[in-house]
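Q: For this one, chain A is given, so just place chain B on it according to the hints.
Quick note, the sequences are listed as chains A and B, same order.
Going by numbering that gives the first Met the number 0, the first residue of the first sequence is number 0, and it counts up by one from there.
Going by numbering that gives the first Met the number 0, the first residue of the second sequence is number 0, and it counts up by one from there.
These are computed hints drawn from the structure, not numbers from a lab.
Given the structure is predicted, the values throughout are model-derived calculations rather than measurements.
Treat the hints with care, since some could be wrong.
Which copy is meant is left open, because identical chains are indistinguishable; a pair holds if it fits in one copy or across any two.
Said to hold, decoys possible - With a straight-line Cα cutoff of 30 Å, these simulated DSSO-like cross-link-like pairs (lysine-lysine) come out:
| id | residue 1 | residue 2 |
| --- | --- | --- |
| 1 | K151 | K51 |
| 2 | K7 | K151 |
| 3 | K241 | K151 |
Number of protein chains: 2
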Amino acid sequence: MMRTRPLKVALLGCGVVGSEVARIMTTHADDLTQRIGAPVELAGVAVRRPSKVREGIDPALITTDATALLKRGDIDIAIEVIGGIEPARTLITTAFEHGISVVSANKALLAQDGAALHAAAEQHGRDLYYEAAVAGAIPLVRPMRESLAGDKINRVMGIVNGTTNFILDKMDSTGAGYQEALDEATALGYAEADPTADVEGYDAAAKAAILAGIAFHTRVRLDDVYREGMTEVSAADFASAKRMGCTIKLLAILERAADGESVTARVHPAMIPLSHPLASVREAYNAVFVEAEAAGRLMFYGPGAGGAPTASAVLGDLVAVARNKLAEATGPGESAYTQLPVSPMGEVVTRYHISLDVADKPGVLAQVATTFAEHGVSIDTVRQQGKDGEASLVVVTHRAADAALSGTVEALRKLDTVRGVASIMRVEGE
Amino acid sequence: MMRTRPLKVALLGCGVVGSEVARIMTTHADDLTQRIGAPVELAGVAVRRPSKVREGIDPALITTDATALLKRGDIDIAIEVIGGIEPARTLITTAFEHGISVVSANKALLAQDGAALHAAAEQHGRDLYYEAAVAGAIPLVRPMRESLAGDKINRVMGIVNGTTNFILDKMDSTGAGYQEALDEATALGYAEADPTADVEGYDAAAKAAILAGIAFHTRVRLDDVYREGMTEVSAADFASAKRMGCTIKLLAILERAADGESVTARVHPAMIPLSHPLASVREAYNAVFVEAEAAGRLMFYGPGAGGAPTASAVLGDLVAVARNKLAEATGPGESAYTQLPVSPMGEVVTRYHISLDVADKPGVLAQVATTFAEHGVSIDTVRQQGKDGEASLVVVTHRAADAALSGTVEALRKLDTVRGVASIMRVEGE
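Next up, chain A with everything else stripped away, as it sits in the complex (with noise of 0.2 Å):
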């Protein structure tokens, strides 16, 4: 069975996961043939800075002609892990055009431009393989495109950032405040100078919209998340939390609404509780938990970044388009036959966790729960708390429509006797 002709493979990208890519490749050679029955070949890897020494590539393999080295005519396979919009799109058409099966990483890439890529790979017959793009290391995309190819997901709900997780559960283990604990991810190394695109939930998102796609075989957008970042989140608030048994984490959720008909997908802070298999996602792991219909509950945990992780998927992928190509045959590509309408947050039903600062005088709490009650908004639990004068009201609610709480606040911001609201959270995972 075992052809000796090498596939021959283009990196595109050499950075944290190019490198890590190109080290597995050549130090596990062996396995990936036999795993494959021919042996892949690294023909070529373009990069923008080629006098960067790079050790254990050999320099002649080097070019900043990415595009080039597409045409020239003998690439069978490319992995893109050049990151960002472009140039990554353009070369990954390219090599569509080229007869070249692509793997890819690209989270922002597949976030915007998923379907236009996923059309360009049907056009021309190739594969279009994106395991790194969601949680790194973790397999989740080939699971939910094939393991659950026969069953129905109705929720996707995951801690798909590790930056966000490891400030987050600093926070809770140590009663550190925001800013303290992303100080303290900086120095290691879990945060970016400009932390923005993780503590705002815009990794996240782009990570949510791709999971969407394949968890209910529709198109969702990048645009069609709904985004909270964390950074709002206080030592107050884990306090609030402990106190109900819950714990707090950036997430990701994706839901069926409970008529099939429409889908809802968001990304913010979240209490859930202790019980939930995603509390005792620590430090900078990620973990997604889904819920299928016939499967039942799942979860899925490991590293969600680093450049081995990384590479990890990035190898399974190109083993799997390898054989694909082999065969002659592709794997499964985009399935997006539902087409179903994205709702707004307002739709979303989800139950609220509120900290109000209120007059320490009767008939506050009657005032609180009336305001409720005009929103057809049900109160679960109550807890009044004086303090010289003052007094707190925590108010937890039943289920109800995301419109619906956010009203509530906005008419208990305006009642003379509340003074101010010091924390909102939604309460997941129950």
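A: Quick look at chain B alone, frame taken from chain A:
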């Protein structure tokens, strides 16, 4: 891309899993058609008791002659959910001989005859998929075979039997003894009337053999798997575990030796720290922890049994096999190119937690410590506890070869001052 001639499926067995497979094939026919690219049709159902009423299945499809069904010439894919060795083995072989690809949920058969069945599938150019054979609905076989195909798996540690996890979780959370917890499991339908296969670890050992083969690309026979049941685990063991910040799980553990030249496979109860992700796997859930060289630490969690979850895994395989059939390709077959020897249990390196009942007099600890030293086993901690003239000694060792640890225990039993070895348990997951 859509073709209209349906792929014809023979369902062999129609018990708890088979009837769910038939139900989902009917109710989700449109989804399956979209995901495969052609309709799949239930073309025949082989059963033992044809008179039994089977809701939702056309009685005209029912037959007692599974062999004739496979030989009739129009079947593309067979789903084997009979279980056990025969007639399942002969039927699967017959299927391959007639050009039929097979999806099986049969762990006992795969563990015993996996190599021969894989060889038969390859000889006839057909697929053999069996995601449902290990850990029910949890995508595990595909992620390990495909997602991690570019990585090197060094260790697999899993809870792969739901019945025993339910029992151990009850013992942990309620302080119940083994028999009481087993009775509850039986009453709730989690344990069978004869629970031997579960509680003695036979079921877990079969799954361990299958997983070891996939993880290490080598053949591991059922006889190669060391097996210890969990019927001796006591409430006192859980109390000891708690004092160490641990709980007790029945684990399947597969390891590649440090030199990479051999592997080990074993099933036994073990203490694991509460901070380990496997410690929080409750009730009848399964979870498998995989350590790979590049990917790092991954975990896969979900329901390990039950009709619908197992059917989900079967249908995922059905979609893959059907897609392969349409592409006139086959998926990855057995990958057993490494031919690594399986070392005996004595060579496994692990830690022990040993409770001794000893005479309450001076010099006992020195005598016990000397015995450990003589066998080359280094002690991590010792705790002494006196009670009414008797005393107990709890020793936790550092890592040592299992044979050295067994030898130590044997020698301890012969000491005058040791009145009895109250319990011995391995400590894992650190």
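Q: Hint by hint, say whether it matches the structure.
A: Here is how each hint holds up against the structure:
1. K151 to K51: Classified as between; 29 Å across copies, 48 Å inside a copy.
2. K7 to K151: Between copies only: 22 Å across, 37 Å inside.
3. K241 to K151: neither (34 Å within a copy, 40 Å between copies)
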